[in-house]
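**Student:** If you read the sequences in order, they're chains A and B. According to the numbering used here, the residues represented by the first sequence are 538 to 770, in order. According to the numbering used here, the residues represented by the second sequence are 166 to 762, in order.
It is worth saying that the hints were derived from the structure and are not from the lab. C-beta atoms are modelled at their ideal positions from N, C-alpha and C, and glycine is treated no differently. Some hints could be false.
Stretches of chain A that chain B covers, calculated by requiring three or more beta carbons in the stretch to come under 8 angstroms of a beta carbon on chain B [unchecked claim]:
#: 1; region: 591-605
#: 2; region: 661-667
The list that follows gives simulated cross-link-like pairs (lysine to aspartate or glutamate, DMTMM-like), each with its CA atoms no further than 20 angstroms apart [said to hold, decoys possible]:
#: 3; chain 1: B; residue 1: LYS674; chain 2: A; residue 2: ASP582
#: 4; chain 1: B; residue 1: LYS660; chain 2: B; residue 2: GLU608
#: 5; chain 1: B; residue 1: LYS518; chain 2: B; residue 2: GLU498
#: 6; chain 1: B; residue 1: LYS674; chain 2: A; residue 2: GLU641
#: 7; chain 1: A; residue 1: LYS651; chain 2: A; residue 2: GLU701
#: 8; chain 1: B; residue 1: LYS674; chain 2: A; residue 2: ASP548
#: 9; chain 1: B; residue 1: LYS674; chain 2: A; residue 2: ASP579
#: 10; chain 1: B; residue 1: LYS410; chain 2: A; residue 2: ASP568
#: 11; chain 1: B; residue 1: LYS716; chain 2: B; residue 2: GLU704
#: 12; chain 1: B; residue 1: LYS660; chain 2: B; residue 2: GLU623
#: 13; chain 1: A; residue 1: LYS754; chain 2: B; residue 2: GLU608
#: 14; chain 1: A; residue 1: LYS651; chain 2: A; residue 2: ASP678
#: 15; chain 1: A; residue 1: LYS682; chain 2: B; residue 2: GLU607
#: 16; chain 1: B; residue 1: LYS410; chain 2: B; residue 2: GLU498
#: 17; chain 1: A; residue 1: LYS754; chain 2: B; residue 2: GLU498
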Amino acid sequence: MLVALKIKRFDPERKPAAWWSNYKLEAAPGDRVLDLLVRAKDELDGSLTFRRSCAHGICGSDAMRINGTNRLACKTLVRELGSRITVEPLLGMRVEKDLVVDMEPFLASYRSVKPYLINDEPLPADGRERRQSPAERLRFDDTTKCILCGCCTAACPVFWADGEYVGPAAIVQAHRFLFDSRDRGAGEHTAALLDMKGVWRCRTIFQCTLSCPREIKITQAIAEVKQAIVLGK
Amino acid sequence: MTQVHTFDAIIIGAGGAGLMAALHAERGTNVAVISKMYPTRSHTGTAQGGVAAPLGNMEEDRWEWYMYDTVKGGDYLVDQDAAEILARESVDAVLELEHWGLPFDRTEDGRIEQRRFGGHTRDFGKSPVMRSCKSADRTGHMILQTLYQNCIRRGIRFFDEFFVLDLILEDGIARGVAAVEIATGQTHLFLAKAVLLATGGFGRMFAVTSNAHSLSGDLVASVFRRGLPLEDMEFFQFHPTGIYKMGILLSEAARGEGGIMINGLGERFMERYAPTLLDLAPRDIISRSIDQEIRAGRGVDGKDYVYLDIRPETINRCQSAPGGKTVTAAQLEAKLPDIIEMMRVYQGIDPMKAPVPIQPTAHYAMGGIPTDCDGRVLGGSLSPVPGLFAAGECACVSVHGANRLGTNSLVDLLVFGRRSGRAMAEFCAGASPADPVAHAAEEALAELARLQRSRGPERVGALRAAMQHCMTDKVGLNRTAGGMEEALSILRDLKERYRHLGLADAGQKWNTEVLEAYELGCLLDLAEATTASALHRTESRGAHFREDFPKRDDANWLHHTLAFRAGSSGAGPVSEGIRFDRRPVSITTFQPEARVY
Ligand SMILES: Cc1cc2nc3c(=O)[nH]c(=O)nc-3n(C[C@H](O)[C@H](O)[C@H](O)COP(=O)(O)OP(=O)(O)OC[C@H]3O[C@@H](n4cnc5c(N)ncnc54)[C@H](O)[C@@H]3O)c2cc1C
Ligand code: FES
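Here chain A stands alone, though its shape is the one from the complex (with noise of 0.2 angstroms):
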């Protein structure tokens, strides 16, 4: 099938104002828009600029807007989209060059709920594994799945409003911590989360869950957190 691909461009070493590219390629429906960008950028325009690497969706860097909603481009079908095809860049995030957004501060954010083990506690005197049963696993097992696209935080009507949010990538990391059974450092992971860029910024909007590549259940890892924190978890 032809698929007219439609690519909003920003280069600032060119031209100062965004523009918009549209290429026509032969694509076959189980092809990803990944590749469509790639034999773009292969045989058409050298300089269109994306971030890509692992092309089947686990690295989470081609995150972008496809036809008006944040996805993976290498986890999205022509199939799906059919012949008409737009792709922009991830919105509340400053542009680059082309699909490329500065992912820093989103990136600052992850860091902020010190996303990390924290137990200081004597490990296991054998030496061997701290114990954990099945269920105690499985109670944070949706967000260990984040792989830190940005998906979630760059729809999040929010976010784009107030670029200050944290926002919901860095509250399901906090999440993925505060309900390991190993962790005692609570309060360490809500501390950025308290104040008025924190979590009860949230307004319940769902757009983080259904932009969300994993499926993670981000809206509820957000109520849960804020639960935790009310409870003084």
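Mind docking chain B with the ligands on chain A? Use the hints.
**Tutor:** Same frame as chain A, but now just chain B with the ligands:
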């Protein structure tokens, strides 16, 4: 103006190997990690099935059995001193990750749950054993996240999205690297007493591969261009179960949980080739069996693929699940969530209801930069290059020999990442501070500038595709002298055309086009080294199969290959031929035997 930074130790690559080394080198050493991608984008994150360790949580297991499996799996080209370290230290390395927070799956009594994996057996080959520690089919993701989380905790310094072009070697001593900051195009020199290369694989030289777009072996090529040897480049693993045409991996865990493979006639063909381990035989054997089925016209509909079948009714009918237990769709979905989703997304097939088309996919480089058991890179005379270390897939210790067992790459990068981190710290403690260098990577910077200005008729994408098809067709599962000679002449022609590239992007900022061109140059050099090494080895062993020399030949070939670029060094691909030397195999415990499964 080039910006200069000075550290005790720099680590190139933020995958499992680089991060593990950083966490172990950091105490007392001023370390920086440089990566062309944000750390969590590294390909370690895609590893699915698991990481081996004889914890014995499910059934009896011993490190000696694991060592044996590794040696036999590698068709006796494994260095047994290194395999012993791998097998013994795996336990501690896996437990260290648990202590650092890795969310492993758990048994009812709260221990790490384990599963079966190809080639891992109890009692020296008697039957499959549950040795692979895992977190569903997201083990690599969990390892990468856990390691990076701990790097954040320790405040380790990162330079993310910095593309390293070249290693700086002066008088045979590693002095640092030259890099480009991708966002700005600014060049940087990183000077250090010790440099660790942990840049992963280079599977993008093939057309059908499980490897990321970014896996182009840039620093492996750099080492080669600096006149240092590459070891065992002919051994490249083709994983049996790649998604047909796309190459995306469907982990061996699918078969560990009971999945089987069937040909176009509906036969479970592994009964013919590996009567004991069946679908859990090592990868080289299974991939070649698939190829033989296809060549005999027994592919599905006579085409070039077979089926992977993980339907619960199939598994239950064949009693192929661990212990012959009955499985349900819900259990399989819990154990293999990501690969089941991949089959649904990429193939549009529900694997609980229908089998899925698969074909072998280029997966893993057994060969690479030769090192000793502490990550020290070995030079031409097989003596260490002062200050230079390597670990992970880019290195060749060699614990994988001619064929790596599933789960053993993650063990490799944990065990040897850790050892090289410690060895680097020790080296730094005894070395004098990094001096300024006289000739800092001028060649690499000039090559990059040349590429950026180039306005010739050739296109990066077209040359890359030509290389990939050449390698898959002629240097893939089945190799012949004639095919490989043709491949060499195609590759040399592509290198010539590479001199006449034309690039569209003249900018400095985020110029990924010029970096892709540079990566292509690296891949071309490594493709040539791979092909020449494969042509040189006139026997079949592990993943290296020669139709014209179909037998293993221990009398003449029980040694590692060392390939050197003949002639001058430079920063771009050139064709000046390759010369060979050998490195003896360490055989401490297990004498080579016929390899039957
Ligand atoms: C789909 C898949 C599934 C797998 N499953 C398993 C499994 O279940 N068990 C197992 O044991 N193994 C598995 N493997 C193999 C294993 O995952 C890899 O071999 C291993 O993760 C490699 O790790 P690494 O640290 O060496 O490199 P990588 O994780 O690939 O990291 C390479 C790093 O180097 C950096 N880099 C590269 N070039 C440059 C440059 N020029 N400048 C700066 N930085 C650079 C990259 O940015 C990256 O950070 C799997 C592999 C694949 C592809
Ligand atoms: S390229 Fe890795 S998620 Fe798409």
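**Student:** Work down the list of hints and note, for each, if the structure agrees.
**Tutor:** Here is how each hint holds up against the structure:
Look at the region 591-605 of chain A against chain B: 8 of its residues bring a Cβ nearer than 8 angstroms to a Cβ of that chain, three or more, so the hint holds. Judged by the Cβ-Cβ criterion of 8 angstroms, the region 661-667 of chain A is covered by chain B as claimed, because 4 of its residues qualify and three suffice. Under the criterion of a C-alpha separation no larger than 20 angstroms, the hint pairing LYS674 of chain B with ASP582 of chain A is consistent with the structure, at around 16 angstroms. For the hint linking LYS660 of chain B to GLU608 of chain B, the alpha-carbon distance of about 17 angstroms falls within 20 angstroms, and the restraint holds.
Annotation: proposed proximity of LYS518 of chain B to GLU498 of chain B holds, straight-line Cα distance about 13 angstroms (limit 20 angstroms). At roughly 16 angstroms between alpha-carbon atoms, LYS674 of chain B and GLU641 of chain A fall within 20 angstroms of each other, so this suggested pair holds. Note on LYS651 of chain A and GLU701 of chain A: the hinted pairing holds, with a Cα-Cα distance of about 17 angstroms set against a maximum of 20 angstroms. For a cut-off of 20 angstroms, the pair hint linking LYS674 of chain B to ASP548 of chain A stands: about 9 angstroms separates their Cα positions.
With a C-alpha separation of about 19 angstroms, the suggested pair LYS674 of chain B and ASP579 of chain A falls inside the 20 angstroms cut-off, and the hint holds. In summary, the hint linking LYS410 of chain B to ASP568 of chain A is supported, as the alpha carbons are separated by about 11 angstroms, within the 20 angstroms threshold. Taking the CA atoms of LYS716 of chain B and GLU704 of chain B, the gap is about 6 angstroms. The hint holds against a cut of 20 angstroms. For the given pair, LYS660 of chain B sits about 11 angstroms from GLU623 of chain B by alpha-carbon distance, which is consistent with the 20 angstroms threshold.
Between LYS754 of chain A and GLU608 of chain B the alpha-carbon distance is near 51 angstroms, which puts this suggested pair outside the 20 angstroms criterion. Between LYS651 of chain A and ASP678 of chain A, the direct Cα distance comes to roughly 18 angstroms. Compliance with the 20 angstroms bound is thereby established for this hinted pair. With a CA separation close to 43 angstroms, the supplied pair LYS682 of chain A and GLU607 of chain B exceeds the 20 angstroms bound. Annotation: proposed proximity of LYS410 of chain B to GLU498 of chain B is violated, straight-line Cα distance about 24 angstroms (limit 20 angstroms).
Taking the CA atoms of LYS754 of chain A and GLU498 of chain B, the gap is about 18 angstroms. The hint holds against a cut of 20 angstroms.
Going through the hint list in order, the structure does not satisfy hints 13, 15, 16.
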